[in-house]
Amino acid sequence: MDLSFTPEQSAFRDEVRAWIREAMPPRIREKAAVDGHFEHDEIMEWHRILHGKGWVAPHWPAEWGGAKLDVTRRFILTEELELAGAPALSPFGLMMVGPLILQFGSDAQRKRFLPKILAGEEVWCQGYSEPNAGSDLASLKLSAEPDGKGNYVLNGQKTWTTYAQYADWIFVLTRTDKTAKKQSGISFFLVDMKTPGVTARPTLTIAGTPAFCDTFFENVVVPAENLVGPLHGGWTLAKALLGHERTYIAAVGLSTRTLRRVKQIAAATKERGVPLIDVPAWRARIARMEIELWALKMANYRAIASAELGHAPGPESSILKIRGSEIMQQMYELAMDVMGHDALSWHNTPGTIPEAEASVPPQFNYARAASIYGGSNEIQKNVIAKAILGLPS
Amino acid sequence: MNFDLTPDQKLLESTMASFLKKESPVSRFRALREDPVGYSKSLWKTMAELGWIGLAFPESAGGLGGSFVDVAILLEQFGAGLVPEPFVASVLAAGTAILRAGSAEQHEAYLAPLIAGDTTLALAWAERGGRYDPTWVETTATKQGDAYVLQGEKIFVQNGHAADVLVVSARTAGTPGDTDGISLFVLPRETEGLRVTPVNTMDGQKAATITLAGVVVPAASRLGPEGAAAPVLDEIMDLGAAAACAEGLGVMRASLAMTVDYLKTREQFGVKIGTFQALQHRAVDMFIRTELAKSTSILASVKVSDPDPAERRFAVSAAKVELAICGRYVTQQAIQLHGGIGITDEHDIGLYFKRMHVLNALFGDEEHHLARFGAQPAF
Chain L
1 MDLSFTPEQS AFRDEVRAWI REAMPPRIRE KAAVDGHFEH DEIMEWHRIL HGKGWVAPHW
61 PAEWGGAKLD VTRRFILTEE LELAGAPALS PFGLMMVGPL ILQFGSDAQR KRFLPKILAG
121 EEVWCQGYSE PNAGSDLASL KLSAEPDGKG NYVLNGQKTW TTYAQYADWI FVLTRTDKTA
181 KKQSGISFFL VDMKTPGVTA RPTLTIAGTP AFCDTFFENV VVPAENLVGP LHGGWTLAKA
241 LLGHERTYIA AVGLSTRTLR RVKQIAAATK ERGVPLIDVP AWRARIARME IELWALKMAN
301 YRAIASAELG HAPGPESSIL KIRGSEIMQQ MYELAMDVMG HDALSWHNTP GTIPEAEASV
361 PPQFNYARAA SIYGGSNEIQ KNVIAKAILG LPS
Chain D
1 MNFDLTPDQK LLESTMASFL KKESPVSRFR ALREDPVGYS KSLWKTMAEL GWIGLAFPES
61 AGGLGGSFVD VAILLEQFGA GLVPEPFVAS VLAAGTAILR AGSAEQHEAY LAPLIAGDTT
121 LALAWAERGG RYDPTWVETT ATKQGDAYVL QGEKIFVQNG HAADVLVVSA RTAGTPGDTD
181 GISLFVLPRE TEGLRVTPVN TMDGQKAATI TLAGVVVPAA SRLGPEGAAA PVLDEIMDLG
241 AAAACAEGLG VMRASLAMTV DYLKTREQFG VKIGTFQALQ HRAVDMFIRT ELAKSTSILA
301 SVKVSDPDPA ERRFAVSAAK VELAICGRYV TQQAIQLHGG IGITDEHDIG LYFKRMHVLN
361 ALFGDEEHHL ARFGAQPAF
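As you go down the protein sequences, you meet chains L and D in turn. All the letters of the first sequence, read from the start, carry residue numbers 1 to 393 under the working numbering. All the letters of the second sequence, read from the start, carry residue numbers 1 to 379 under the working numbering.
Since the hints were derived computationally from the structure, they do not count as laboratory data. Just so it is clear, the structure is predicted and the values come from calculations on it, not from any experiment. A virtual CB, placed ideally from N, CA and C, is assigned to each residue, including glycine. Heads up, a few of these hints could be off.
Going by beta-carbon spacing under 8 Å, a handful of chain D positions derived as facing chain L [claimed, not checked]:
1. 216
2. 332
3. 335
4. 370
Below 20 Å or equal to it, Euclidean Cα-Cα: the simulated SDA-like pairs (lysine to any residue) are [as the list claims (entries may be wrong)]:
5. L:31 with L:259
6. L:297 with D:325
7. L:386 with D:277
With the sequences and hints as input, model every part of the structure.
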């Protein structure tokens with residue numbers, strides 16, 4: 001048993017931390033200091049800075065621009081970026097469609113799409129969910145029919161297409177065979193958002209920011225070369241995504257950062273003249289939350305160490321998504337409770353509540369998404385019940 | 001980082017598991033609940049011959065020089081099989097007190113027979129007014145020539161009912177709660193004036209109330225320098241808490257396994273109840289809690305030997321809190337998913353529930369360790 005990072009890994013952590021401090025432009029740094037909301041152009045600016053360093057897609061193979069970092073260093077990089085409050089990059093190209101094109105795409109598709117994802121020249125969004133296909137994703141209806149001229153014509157609607165309003169491309173699961181069993185009639189297409197007939201309509205989230213879109217397809221013509229993987233074989237791609245990069249999903253860096261903010265707010269907030277952090281009941285509640293985060297962190301470390309040794313993902317890795325989202329939500333909830341009346345403030349002019357608190361109410365709201373996206377926690381539990389506990393269906 | 005057991009540790013684990021499965025099925029513990037000692041002195045001797053007791057002691061004291069991780073492997077098996085032999089009381093509590101504070105002569109006199117499996121020990125530290133604080137010592141040791149006179153009462157002394165030798169904390173100076181002024185004394189069971197009243201504990205095991213009514217002990221029975229025992233007791237609290245985490249993990253694993261088996265066999269409404277999503281998700285929550293407790297138990301097992309006491313306290317208190325949260329959830333839900341049969345004394349699941357509750361209280365409960373965690377510099 002060895003719970004410590006090697007001197008080389010610790011040196012890498014120092015290197016990452018120092019680089020972030022140097023590389024972060026002043027405007028982004030100011031927002032990061034208060035966990036402010038990053039606009040799309042700021043996120044893409046940070047994307048290009050990370051790309052310049054070669055760290056934008058550390059999990060990609062080196063020949064496609066990956067960073068040649070092992071599992072532990074990738075974790076350290078992710079954790080440090082989260083700890084620094086750096087803008088979270090759009091995951092749709094780097095984490096989702098990129099790895100799928102690598103695994104299932106043709107060489108021509110790899111050459112066409114991967115370099116532009118890497119450089120941040122093309123922004124992607126994800127077209128999976130539909131109004132009537134959420135957790136039951138395989139019942140999706142967006143139809144793709146051949147037009148006899150080497151194209152497919154798409155008709156239907158996708159929903160919760162986060163940041164579609166900024167996207168150049170969308171990857172969609174479509175229905176190509178209406179007669180087959182529902183999982184067997186699905187195909188995976190890449191669609192240029194500028195194609196006539198594609199409309200993205202943003203909707204406000206409960207955080208008060210326009211993250212989601214409804215995306216409509218009306219006679220959208222897509223060349224057959226944009227099909228990834230076999231025709232009617234899209235479900236394999238949809239499932240493959242769930243197995244990617246689970247080791248980094250727990251967001252322990254982000255929750256550690258939020259814990260620091262909780263302590264910062266609790267030290268500055270007084271009740272009858274006493275800082276909350278010194279009130280035993282509050283201190284115990286914060287301690288309990290920190291301990292729960294430690295438990296998650298240790299489970300995450302177990303998963304990383306196991307992957308580093310080349311073992312197949314163990315049972316501990318299956319809990320990271322569920323527990324990571326729960327902890328993230330509870331951490332924001334604790335921050336809200338510590339804030340007292342200040343937690344009631346909603347997008348007011350700066351200075352209405354202390355700067356350190358201003359980002360908490362919207363994040364508390366948006367954090368509810370964490371237990372829904374990427375396969376809701378209930379779906380995750382269905383999977384664990386069958387795959388790990390062997391319970392009957 | 002590496003969380004894998006070494007090949008030697010894996011061998012140790014499988015040897016321990018198969019030995020205990022054969023020699024200590026839960027039915028053995030069931031029968032021992034009625035026994036005045038509550039465990040088997042001959043099995044204790046066998047455990048010593050297998051080297052399990054020596055594992056926790058350095059070679060310089062006649063042990064095998066194992067790590068706490070080795071000890072945790074053993075204790076997890078104890079938890080899974082409800083093994084009642086007094087390893088924690090004898091070895092980690094009283095044994096560590098003698099090891100840390102005692103002289104070479106005292107090691108020879110008390111640790112050698114322990115490691116050989118010929119004796120068991122107990123550490124009498126808890127007092128009625130002090131809850132889980134080992135510095136709350138009202139028991140006094142008054143110097144009288146070349147002797148001390150001990151006066152006071154110790155409660156819920158683990159293995160106190162059957163130990164051959166007791167280690168007792170008493171105040172040679174200061175007032176309850178002071179770190180300075182606590183001394184340890186080693187007393188053979190037959191010492192005059194030492195009264196041992198056996199006490200049953202909820203989990204079917206036994207402890208004792210120890211009354212010291214003017215017990216005269218020679219100065220040579222003091223362990224280490226006078227008044228300096230607090231750091232040793234603080235370390236023992238952490239060893240005990242880390243041990244509870246390891247044993248509790250075994251309790252949780254067994255409870256989860258029994259519950260999942262039950263869900264796969266029990267039928268209602270014409271189907272296996274394990275097909276019901278409400279119950280599946282509950283079982284998954286039990287699984288998640290078991291994995292989390294395992295993660296912090298590993299943290300405690302490694303950090304309990306850290307030379308920096310602050311690091312040690314921080315990790316062990318975190319693990320003990322997590323044990324309480326997870327252990328409570330897993331064993332309570334284990335009973336719930338068993339339904340009515342889970343409430344009967346006849347079914348084993350209730351024994352695990354009770355053991356878990358006792359482990360949560362021993363060496364500091366959730367509130368105690370929350371406060372301790374929050375008081376560490378790293379917080």
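Measure nothing beyond the straight line between the CA atoms of residue 297 of chain L and residue 325 of chain D; if it is 20 Å or shorter, mark the hint as holding. Holds, at about 16 Å.
If you take the shortest Cβ to Cβ gap from residue 370 of chain D to chain L, is it below 8 Å? Check passed: Cβ of residue 370 of chain D comes within 5 Å of chain L, closer than 8 Å.
Are the Cα atoms of residue 386 of chain L and residue 277 of chain D separated by 20 Å or less? Holds - the C-alpha atoms of residue 277 of chain D and residue 386 of chain L are around 11 Å apart, at most 20 Å.
Given residue 332 of chain D as an interface hint, is its Cβ closer than 8 Å to any Cβ of chain L? Given a least distance of 18 Å, the restraint on residue 332 of chain D is violated.
20 Å Cα cutoff - pair residue 31 of chain L, residue 259 of chain L: Status holds; Cα separation ~18 Å.
Could you check if residue 335 of chain D really has its C-beta closer than 8 Å to a C-beta on chain L? 18 Å, violated
Can we keep the residue 216 of chain D interface hint, with Cβ of chain L closer than 8 Å? 43 Å, violated
Violated hints for the displayed structure, listed by number in ascending order: 1, 2, 3.
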